[in-house]
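Undergrad: The listed protein sequences correspond, in order, to chains A and B.
So the number in the working numbering is just where the residue sits in the first sequence, counting from 1, plus 11.
So the number in the working numbering is just where the residue sits in the second sequence, counting from 1, plus 227.
Please keep in mind that the hints were generated in silico from the structure rather than gathered at the bench.
Don't take every hint at face value.
What the hints assert, rightly or not - List time: in silico SDA-like cross-link candidates among lysine to any residue, alpha-carbon distance up to 25 Å: (1) A:164 <-> A:210; (2) B:256 <-> A:164; (3) B:247 <-> A:190; (4) B:256 <-> A:210; (5) B:256 <-> A:112; (6) B:294 <-> A:210.
Said to hold, decoys possible - Here's a subset of chain A near chain B, in silico, CB distances under 7 Å, partners left out: (7) 32; (8) 77; (9) 202.
We treat Cβ as the ideally placed atom computed from N, Cα and C, and that holds for glycine.
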Amino acid sequence: MAVFPRSGAHDLGGMEGLGPVPIEADEAPWHEVWEGRTLGATLAAVVSGMLVPPTHRAVIEALHPVTYLSMSYYELWLYGLEQRAIATGVLTQEEIEARLADTLSNPDAPIPEDRNPAILEGVRGLISQGVPPGPERLEQPPRFTRGDVVRTKRIELRAPGRPHTRIPGYAQDRLGVVEDVRRPMLLEDALVASGEVRFEHVYAVRLRTRDIWPDAGRRDTIVVDLWESYLCDDALPAANEYEEQP
Amino acid sequence: MNHHHTTTTTDPSYLALRMKAVESLLIEKGMVSGEAIDAITDAYEHDIGPLRGAGVVARAWVDEEYKRRLLSDGPAAIAELGITGFGAEVVVVVENTPQVHNVVVCTLCSCYPWALLGLPPSWYKTPQYRGRIVRWPREVLAEFGVTLPNEVEIRVWDSSSDTRYLVLPQRPAGTEGLSERDLAALVTRDAMIGTGVVARPAA
Chain A
12 MAVFPRSGAH DLGGMEGLGP VPIEADEAPW HEVWEGRTLG ATLAAVVSGM
62 LVPPTHRAVI EALHPVTYLS MSYYELWLYG LEQRAIATGV LTQEEIEARL
112 ADTLSNPDAP IPEDRNPAIL EGVRGLISQG VPPGPERLEQ PPRFTRGDVV
162 RTKRIELRAP GRPHTRIPGY AQDRLGVVED VRRPMLLEDA LVASGEVRFE
212 HVYAVRLRTR DIWPDAGRRD TIVVDLWESY LCDDALPAAN EYEEQP
Chain B
228 MNHHHTTTTT DPSYLALRMK AVESLLIEKG MVSGEAIDAI TDAYEHDIGP
278 LRGAGVVARA WVDEEYKRRL LSDGPAAIAE LGITGFGAEV VVVVENTPQV
328 HNVVVCTLCS CYPWALLGLP PSWYKTPQYR GRIVRWPREV LAEFGVTLPN
378 EVEIRVWDSS SDTRYLVLPQ RPAGTEGLSE RDLAALVTRD AMIGTGVVAR
428 PAA
């Protein structure tokens, strides 16, 4: 039995008792038309600048675990879209519930006609060009380099002002090796906590699976991308000592 | 009895009407437009799918120099083939070898290289896959029909950052005479996630 903290129901790595993966052959991109519309509306709202913090992840991770695990992927997207529209002041809960009541009583009412060339061009650009990935370099050089042994921190989400993190529970408080240095990336923890836009160096850190779950395959590994502030160099063994451990 | 939480417990027709209500409100507020939503659904239904990733793999199989560039700078190398866009801004390609088999997951959410593979299959987003592949990779791969010798290292890439992974599968034996286009046709989506291997073509 591995003991480590989970950040919530979304932090699923290593969860017991889930059963076989349900695999569906020849699947379409979505099963219901509304699922595609939810995805499309969310991307369009990105283009319109509606979806500033809280982030989608922060919103859905705040759900009760039972609710989170019973909602489908696109249901979570719809919930995220609504909650972020409310958080940014574009809609109110009352507006949504009132329009929903109208729609339920008159399901065939037409959706308002509209043409908005700016949004259309914007989504075409988003799909074909993506989101600019931020600065290639930071003022401070990376603290770690390929081959370094590092220790990952324990990130306690119950601490005040820390509602979100991108380090999985199983990867916390572990020894690992820097497999590669990624380009700097936005730290979502800081964005969610305070709106701060902070870029940090990111490292692909290789963990030994059996260090986490002793019954795991002897050679098997996990590589997880971790931001610099998740890492420390306290009480580290030398790289050769780490690699030589049985 | 169905133990899988792969579909919602809420009535789909209710969710369809709820989304319709939200869409109409957001249109009135000028935040989305019907034609923009149509453009997105159309792109993921018709244009953006695993054929893109398969083209990258086939090119890497026939062109050693391209493969070297692909493994060292993923975004630049896929852009050479005209592939850019949402969900492939920071692409890292990881190569399967006789010693190492790579497989991709996102345990915290469902991050996936959209611009290379399209939208993720349902199973990729399930708690079953997200929860189990890091801890029991051999059992999960067996459910996909993939059995690997115990000497092979299974390396699971957890997509916890903006990095999006594509697995470069091993080229099967018996494909020496095939064209790049015929090779691409052999490459499955699952092989590029790492839950499949590319099979030798039937004789």
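Undergrad: Would you mind marking each hint as holding or not holding in the structure?
TA: Evaluation of the provided hints:
A threshold of 25 Å between alpha carbons decides the hint, and for residue 164 (chain A) with residue 210 (chain A) the separation of about 19 Å falls inside it, so the pair holds. Straight-line distance between C-alpha atoms of residue 256 (chain B) and residue 164 (chain A) comes to about 44 Å, which puts the hinted pair past the 25 Å bound. Restraint check for residue 247 (chain B) and residue 190 (chain A): not satisfied, since their Cα atoms lie roughly 46 Å apart, outside the 25 Å limit. Taking the CA atoms of residue 256 (chain B) and residue 210 (chain A), the gap is near 32 Å; set against the 25 Å cutoff, the hint is violated.
Our distance criterion of 25 Å between C-alpha atoms is met by residue 256 (chain B) and residue 112 (chain A), whose separation comes to about 19 Å. For the given pair, residue 294 (chain B) sits about 30 Å from residue 210 (chain A) by alpha-carbon distance, which is inconsistent with the 25 Å threshold. Hint status for residue 32 (chain A) relative to chain B: holds, with the closest Cβ pair at about 5 Å, below 7 Å. The restraint placing residue 77 (chain A) at the interface with chain B is violated, with a minimum CB-CB distance near 10 Å, outside the 7 Å limit.
Interface restraint check: residue 202 (chain A) against chain B, minimum CB-CB distance 13 Å, threshold 7 Å, status violated.
The structure fails hints 2, 3, 4, 6, 8 and 9 (numbered hints given earlier, in ascending order).
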